[in-house]
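J.: Single-letter residue listing:
Protein chains: 2
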Amino acid sequence: MTAEAWLDQEQKRYVDELIAFIRIPSVSAKPENMGDVQKAAEWVAERVKRAGIDNARVLPTAGHPVVYADWMHAGADKPTVMIYGHFDVQPAEPYELWDSAPFEPEIRGDRIYGRGASDDKAGMMTPILAVEALLKTTGKLPVNVKLFFEGQEEIGSPDLPDFVRDNVDLLKADMIFSADGLQWTPEQPMLVDALKGMAKMEIVVQGPRSDQHSGLHGAAIANPAMALAQILASMKSLDGLITVEGFYDDVIPLSEEDRAEIARVPYDEAEYLAESGAPATFGEPGYTTRERLWARPALDVNGLTSGYQGIGSKTVHPAEARAKITCRLVAAQDPVKIYNQLEAHVRKHTPHGVTVRFENAGGGSVPYHVPAGHNATAVAREVLAEVFGVEPYRTRSGGSIPVMSTLLDYLGVHAVMFGWSMGDENLHAPNEFARIGVYRKGQSAYVRLLEKLGG
Amino acid sequence: MTAEAWLDQEQKRYVDELIAFIRIPSVSAKPENMGDVQKAAEWVAERVKRAGIDNARVLPTAGHPVVYADWMHAGADKPTVMIYGHFDVQPAEPYELWDSAPFEPEIRGDRIYGRGASDDKAGMMTPILAVEALLKTTGKLPVNVKLFFEGQEEIGSPDLPDFVRDNVDLLKADMIFSADGLQWTPEQPMLVDALKGMAKMEIVVQGPRSDQHSGLHGAAIANPAMALAQILASMKSLDGLITVEGFYDDVIPLSEEDRAEIARVPYDEAEYLAESGAPATFGEPGYTTRERLWARPALDVNGLTSGYQGIGSKTVHPAEARAKITCRLVAAQDPVKIYNQLEAHVRKHTPHGVTVRFENAGGGSVPYHVPAGHNATAVAREVLAEVFGVEPYRTRSGGSIPVMSTLLDYLGVHAVMFGWSMGDENLHAPNEFARIGVYRKGQSAYVRLLEKLGG
Chain F
866 MTAEAWLDQE
876 QKRYVDELIA
886 FIRIPSVSAK
896 PENMGDVQKA
906 AEWVAERVKR
916 AGIDNARVLP
926 TAGHPVVYAD
936 WMHAGADKPT
946 VMIYGHFDVQ
956 PAEPYELWDS
966 APFEPEIRGD
976 RIYGRGASDD
986 KAGMMTPILA
996 VEALLKTTGK
1006 LPVNVKLFFE
1016 GQEEIGSPDL
1026 PDFVRDNVDL
1036 LKADMIFSAD
1046 GLQWTPEQPM
1056 LVDALKGMAK
1066 MEIVVQGPRS
1076 DQHSGLHGAA
1086 IANPAMALAQ
1096 ILASMKSLDG
1106 LITVEGFYDD
1116 VIPLSEEDRA
1126 EIARVPYDEA
1136 EYLAESGAPA
1146 TFGEPGYTTR
1156 ERLWARPALD
1166 VNGLTSGYQG
1176 IGSKTVHPAE
1186 ARAKITCRLV
1196 AAQDPVKIYN
1206 QLEAHVRKHT
1216 PHGVTVRFEN
1226 AGGGSVPYHV
1236 PAGHNATAVA
1246 REVLAEVFGV
1256 EPYRTRSGGS
1266 IPVMSTLLDY
1276 LGVHAVMFGW
1286 SMGDENLHAP
1296 NEFARIGVYR
1306 KGQSAYVRLL
1316 EKLGG
Chain C
866 MTAEAWLDQE
876 QKRYVDELIA
886 FIRIPSVSAK
896 PENMGDVQKA
906 AEWVAERVKR
916 AGIDNARVLP
926 TAGHPVVYAD
936 WMHAGADKPT
946 VMIYGHFDVQ
956 PAEPYELWDS
966 APFEPEIRGD
976 RIYGRGASDD
986 KAGMMTPILA
996 VEALLKTTGK
1006 LPVNVKLFFE
1016 GQEEIGSPDL
1026 PDFVRDNVDL
1036 LKADMIFSAD
1046 GLQWTPEQPM
1056 LVDALKGMAK
1066 MEIVVQGPRS
1076 DQHSGLHGAA
1086 IANPAMALAQ
1096 ILASMKSLDG
1106 LITVEGFYDD
1116 VIPLSEEDRA
1126 EIARVPYDEA
1136 EYLAESGAPA
1146 TFGEPGYTTR
1156 ERLWARPALD
1166 VNGLTSGYQG
1176 IGSKTVHPAE
1186 ARAKITCRLV
1196 AAQDPVKIYN
1206 QLEAHVRKHT
1216 PHGVTVRFEN
1226 AGGGSVPYHV
1236 PAGHNATAVA
1246 REVLAEVFGV
1256 EPYRTRSGGS
1266 IPVMSTLLDY
1276 LGVHAVMFGW
1286 SMGDENLHAP
1296 NEFARIGVYR
1306 KGQSAYVRLL
1316 EKLGG
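Each protein sequence line maps, in turn, to chains F and C.
Residue numbers for the first sequence follow the working numbering, beginning at 866 and rising by one.
Residue numbers for the second sequence follow the working numbering, beginning at 866 and rising by one.
These are computed hints drawn from the structure, not numbers from a lab.
Backbone N, C-alpha and C define an ideal beta-carbon position, used for all residues, glycine too.
Each hint can be trusted.
In silico DSBU-like cross-links for lysine-lysine, where the CA-CA straight-line distance does not exceed 30 Å:
| id | chain 1 | residue 1 | chain 2 | residue 2 |
| --- | --- | --- | --- | --- |
| 1 | C | K914 | C | K895 |
| 2 | C | K943 | C | K1001 |
| 3 | C | K1011 | C | K1306 |
| 4 | C | K1001 | C | K1011 |
| 5 | C | K1001 | C | K1317 |
| 6 | C | K1202 | F | K1179 |
| 7 | C | K914 | C | K1011 |
| 8 | C | K1005 | C | K914 |
| 9 | C | K1179 | F | K1213 |
| 10 | F | K895 | C | K1179 |
| 11 | C | K895 | F | K1179 |
| 12 | C | K1213 | F | K1213 |
| 13 | F | K1179 | C | K1179 |
| 14 | C | K914 | C | K904 |
| 15 | C | K1306 | C | K877 |
| 16 | F | K914 | F | K1317 |
| 17 | F | K1001 | F | K914 |
| 18 | C | K1317 | C | K1011 |
| 19 | F | K1202 | C | K1179 |
| 20 | C | K1011 | C | K895 |
| 21 | F | K1037 | F | K904 |
| 22 | C | K1213 | F | K1179 |
| 23 | F | K1306 | F | K1011 |
| 24 | C | K1001 | C | K1306 |
Listed next, with one range per pair, are the computed distances between beta-carbon atoms:
| id | chain 1 | residue 1 | chain 2 | residue 2 | range |
| --- | --- | --- | --- | --- | --- |
| 25 | C | E1122 | F | E1110 | 43 to 51 Å |
| 26 | C | P1026 | F | G1021 | 55 to 63 Å |
| 27 | F | E1251 | C | R1074 | 39 to 47 Å |
| 28 | F | K1179 | C | K877 | 43 to 51 Å |
| 29 | F | A1226 | C | D1289 | 42 to 50 Å |
| 30 | F | A1237 | C | R1074 | 37 to 45 Å |
| 31 | F | D1133 | C | R1074 | 12 to 20 Å |
Anything over 10 Å on all C-beta distances counts as not near chain F; from chain C, calculated:
| id | residue |
| --- | --- |
| 32 | R973 |
| 33 | Y1204 |
| 34 | E1208 |
| 35 | G1238 |
| 36 | A1243 |
| 37 | H1279 |
Construct the complete structure from the given sequences, taking the supplied hints into account.
T.: Written out as structure tokens, the structure reads:
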């Protein structure tokens, strides 16, 4: 029997198992669900064992546990492939907006509704079931496999960096695939080539020691809110170019091929603007909206605070003014270097009559960018094209996924996102669902991936 | 007997009366003291009657009452002189910072301590006592006199404009003197030639309909907080010049004489900076600190609000950003014209990708500036020089006194501040006090003023 035939034969059971998995309310954010996250970890470890990997085990972290399993019998000449996923889910609130109870999964047509169905329980099951199909039908796997599932992705994986750092030998792999990922549509696969990194800064401009009467002082001492405005305005030109000295220095320019890949992905300006309700698109000159979002760095003012903010008017000269700033970085920008450039720029552009200081520094992350010609990505591309029947889009994300940076930092490996969620599946929202047909496709995709990687 | 001799003879009683007046807790801001404000009005009207003006009466407004009295028997060839003051006081909180109870006045040396002692009960008494001294010793007054005292100055005189507008005939006068005013020091008199007016604006910059994920949108739609910073920065040069088109057009330039008068008033930069704790002075190029504060217009950002303002960082792209702005105006700037210039400037400098709107418009006030050679001011100068023995400083104020604008608007008369408070007398603060010696001097000053005005 082929692995494909096995998957077809077992599919009804696999759907039932996914339903059982979704029934566990493994909400990592809520203390009252701590036991459920643990229960989900144990369920996963047990399921991996039944798939044929005996050493599956739940390991503790400083917070929610991880599940680890490996099958290392393919031989030293075969690569070691890690597959990542997560078994925790977002809170389901507000319950009243769900058409069926979030932890009592319901099948409607091709869809299974329930919190975590798409993010990431269906996705996380697919490599386990692919491993089972291969082990049950061939008695072995084509490559060495490490399964690494976590229970705190939805709260930002706070304890994962320490766990990975402390278990580098255990987790060491030649390639990493993440079963937590998106496809463009059920018909159109995609590969995510890059995620943005981040640098953070809070600027505090100080004038007088406390808020002052504007009539007694406004005309003769510098206004921190105006000074802050001048500092911020110095950081970006009116046409959208970031004017912080050196900011773009390390950005890897987009090649013609990069731009062609991005342009191939359908884009509808009206649809994009409808998402946010913004009156127009706007950004770095010389780039398309998609290029700005996916492949160019950004500097965002996240918040402003100064003086009187209540109703009406108050003739106050503020003591201080604050701006929170985050920069979304692209390869090969370095968050520490960018932070230092920002700080130097702000100091240089702080006008006379106020002082400036910085708060909440640090906590940045490195941009993630799969190198061109990366072998794991090449194989993933082939598999997606075969399973979906069309060439995958090459996309990038304007956001950041900390776990991808963590794996890159400690293991030195660019993970390839190889998951099956779609943007319309209400991730993090009421009425989350997974597509049963795509769940099945994902299982085949992991079988083919492992086979191809095995040569 | 001369009026001076009378004042000397009655002084002990006059101090006792001031103490009785301060005992009435006429706090206009506190509803529980409403009856006390009324009581103070009645006390004042009664006191004016005893001074010899029989028609003194308490008149209602939409809020706290006023006291009005007139003596119009000097003849049609004599000017009619209005004297203004207020019988309400600031709240006394925090009580625990007072060395003696605020409404149980205590004499310590030359000082009477109590809430309202200086602002404005001692000041308000001086014209009443001067009128009494003249009437008791000469049987008449050298000019026609209208006394007009209000009970809501400390809450911004909300009902006074309507009252003045509805009683223009009653209040009509050739000259107005305000017994609510300051002298430089007990030894050094001053005249206030100008008060600033005001224009107010709230700028609201709108981007997306709600706060957005900065990774999903930051790079491709305009950031309202950055746009607001750019708008604000366009309104002032880095060296402090207001760059709103036309802003300075109507400003009456400082003459060499004006500048010399201002320069004559002692100024200590370190002392000035210590008041607010600002690191340096800063303002319009080409002017001294005093000139900026007293005689040049200002544009102040009073508050900023946008996006996330809590602790730490949040990768939000704000939906909107707000700035509250007030401009302090000097003669002959017009608040409506300035508002319109600001609005036109903001519209012109709003960058691409956001929209702008304005809230809380209106409520401005006209700058007040005594014309050069103003006859009431000339007489006041002479009197101050005689009573204090030195030439008064000619000063201006960076603040605004709405009642002065109200009297100018409806009666067409520039009021001359002719009061006896000093900056060190803890006005609006714990341990407010009035100086007994200056209280006596103020009585003489009003006697001389009325005599001189009578020719």
